[in-house]
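Keeping their order, the protein sequence lines are chains S and Y. Using this note's numbering, the letters of the first sequence map in sequence onto residues 7 to 468. Using this note's numbering, the letters of the second sequence map in sequence onto residues 93 to 271.
Hints were generated in silico from the structure; no laboratory data involved. Among these hints, one or two may not hold up.
[What the hints assert, rightly or not] Computed footprint of chain Y on chain S; a stretch qualifies when at least three of its residues, placed anywhere within it, have a C-beta under 8 Å from a C-beta of chain Y:
hint	region
1	19–25
2	31–39
3	105–115
Using N, Cα and C, we set each Cβ at its ideal position, and we do this for glycine too.
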Amino acid sequence: MRKNWEILVVDDEEIACESLAAWLREDGYPTDIALSGQEAINKAKEKEYALYFVDLKMPGGPDGIETMMHIRNIYPDASVIIITAHATVDTAITALKEGAQEYLVKPINPEEISLLVDRIIKVKNLQRQNILLRKKLTRQYSFHDIISKNQKMHDIFQLIRDIASLKSTVLIQGESGTGKELVARAIHYSGDRAKKPFVSVSCAALAETLLESELFGHEKGSFTGAGSRKKGKFELADGGTIFLDEIGDISQKLQMDLLRVIQEKKFYRVGGSEEINVDVRVIAATNKDLMKAVKAGEFREELYYRLNVINIQIPPLRERREDIPLLVRHFVDQISHELNKDINDITENAMRVLMDYNWPGNVRELENTIERAIVTCKSDVLSEEDFTFISRAREMDEDWTVPTNESLQNVEQRVIEATLRRFEGNIKETASVLGIDRSTLYEKIKKYDIPRYKKEETIEKE
Amino acid sequence: MKLIYLVPMGDIDPDILESAALCLWHTFGIEVTVSDPMEVQTDTYDSKRKQYGSIEILRALLKSAPKDALRVIAITDKDLFIPVLSFVYGHAQFEGKVGIVSIARLRQEYYGFPADKEILTQRTLKEVVHETGHLFGLTHCSDVACPMTLSTNIRLLDRKGVTLCESCMLLLKENMLEK
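Here chain S stands alone, though its shape is the one from the complex (with noise of 0.2 Å):
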């Protein structure tokens, strides 16, 4: 393991440079020298080592500390040991508190340089082993970047892959941010289609007009703004998969033109004439009960049918509980890394806050939990303090009593409140925990006349 591991020993004076390099060489440790800050920082930059030994007195360039600087900003988990023959304490605290992992004064006892050296291999082989070993634990429970162990979910990943090449339309239903598109995702690029576009639509997102012309595009002039001909997304999924996303969301209108599609693969663009032929696999999504929405009448049962073809329930995170760890941990590496934040873990009280949380908005609210707490974070692992937003959202659950002397109308707007304030004024998570799309939330916003989130006026409140 030993060889592994490269070690820099950096001092002006080449005979104390040389002499410690050839003793560790003799340990078995690759060692290379430099005889300046400046040639050290260099050579970091060419490669990283495990370890660094710099001498504190460099005249005529970076002293010890600031090369020691210079190397930890390209590789904030370097380890830098500093040495130096004149010790002084302003030095020793200026040293640890820039991140030295030891400072040692010259001459150095050999045993204590020898175990420092194990010691600090030996938690750079455990980093490497821990990561590799993540790696293999995330490799092992994901499918198409969706992580699990639940074995509903592998039943659903099974699912995935017997379907992946059938024409057959999918029906995909679950809590909003349990991954649904990610399943569709999944079945296309499973299957004979993944080289063909994946076209995603989100219904909710547009009024019904614009659904209509984003869907199968329009001619010009076709209607007031329509300045040119526009291909529609079901052309430009042509070959490939259309995935219709909150499809419990469109009119009565547009049910029966997505009917026509799906039973005859053609359709006219808004305002054309010519018939449009595609070949385009239909992939839906709902968090709605569709099955209730036809009962009540607002859903048309023969497209129901079509689209439920086959069907997959999502199960909502806090039923797949087993899955909060590995998530946790994808997203903390995912999201540092993206971040550029040197957070590498979590501790376990954190972790348990996290399990016990009921997760209403699932693995979407999971991920900008993660983000919210890896921005705030100040340390290199998450702690307890770092989601103290969840215990206080979880208080307010448990606060919560039924009502029973209020109108539903005002529980709502109580509601709606709550929820506002939660996620900051967040029209968009607000609306996905409440189950409803954003424009059902401006609407409800307006109706009750609901002031727009203030942070100040939250924190006071609290």
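On the provided structure of chain S, position chain Y as indicated by the hints.
Okay, now just chain Y, sitting in the frame of chain S:
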């Protein structure tokens, strides 16, 4: 024929020298000759540290190495150091020609015990094999009983033996064949 030269530097018991020569021949399979004593140069002395710089001594040894010397290993009664470390039991050029072992910290008297020639001889043999092993390209061994293991205190040194472990023996043979 190439030889290993064993060089006494300072006050070294002839019996210890003879045991060391035998041990080297037995371990490395190369004939060993004990050379005339050599003085430790005064300019290698650091008066602040009250120790001798092993790097400078190795340089002098290299300069004076006989032509038929395959390797030169010195044994001295002086306490040795390299600049960063507080002391070294020995020092050798890795895969090089010259090495040195100090018996200053191998004596029982250094630790407040009565002198013990047998213990001193055993410790010296371990260190002589250790430093000569470095000259033949052996690095430190993880087997605590092998003389090639790193000893940073006398307890660790006493724990190891004089005979190379199987893996170091194999590596030594490979290294010697390569040369």
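task: Would you check chain Y against the region 105–115 of chain S, counting CB to CB pairs closer than 8 Å, and say if three or more residues qualify?
output: Held - the region 105–115 of chain S has 4 residues with a Cβ nearer than 8 Å to chain Y, which meets the minimum of three.
message: Tell me whether the statement that chain Y covers the region 31–39 of chain S is true, taking a Cβ distance below 8 Å and needing three residues at minimum.
response: holds (count 4)
- request: Would you check chain Y against the region 19–25 of chain S, counting CB to CB pairs closer than 8 Å, and say if three or more residues qualify?
  value: holds (count 4)
When the structure is compared with the earlier hints, no violation turns up for any of them.
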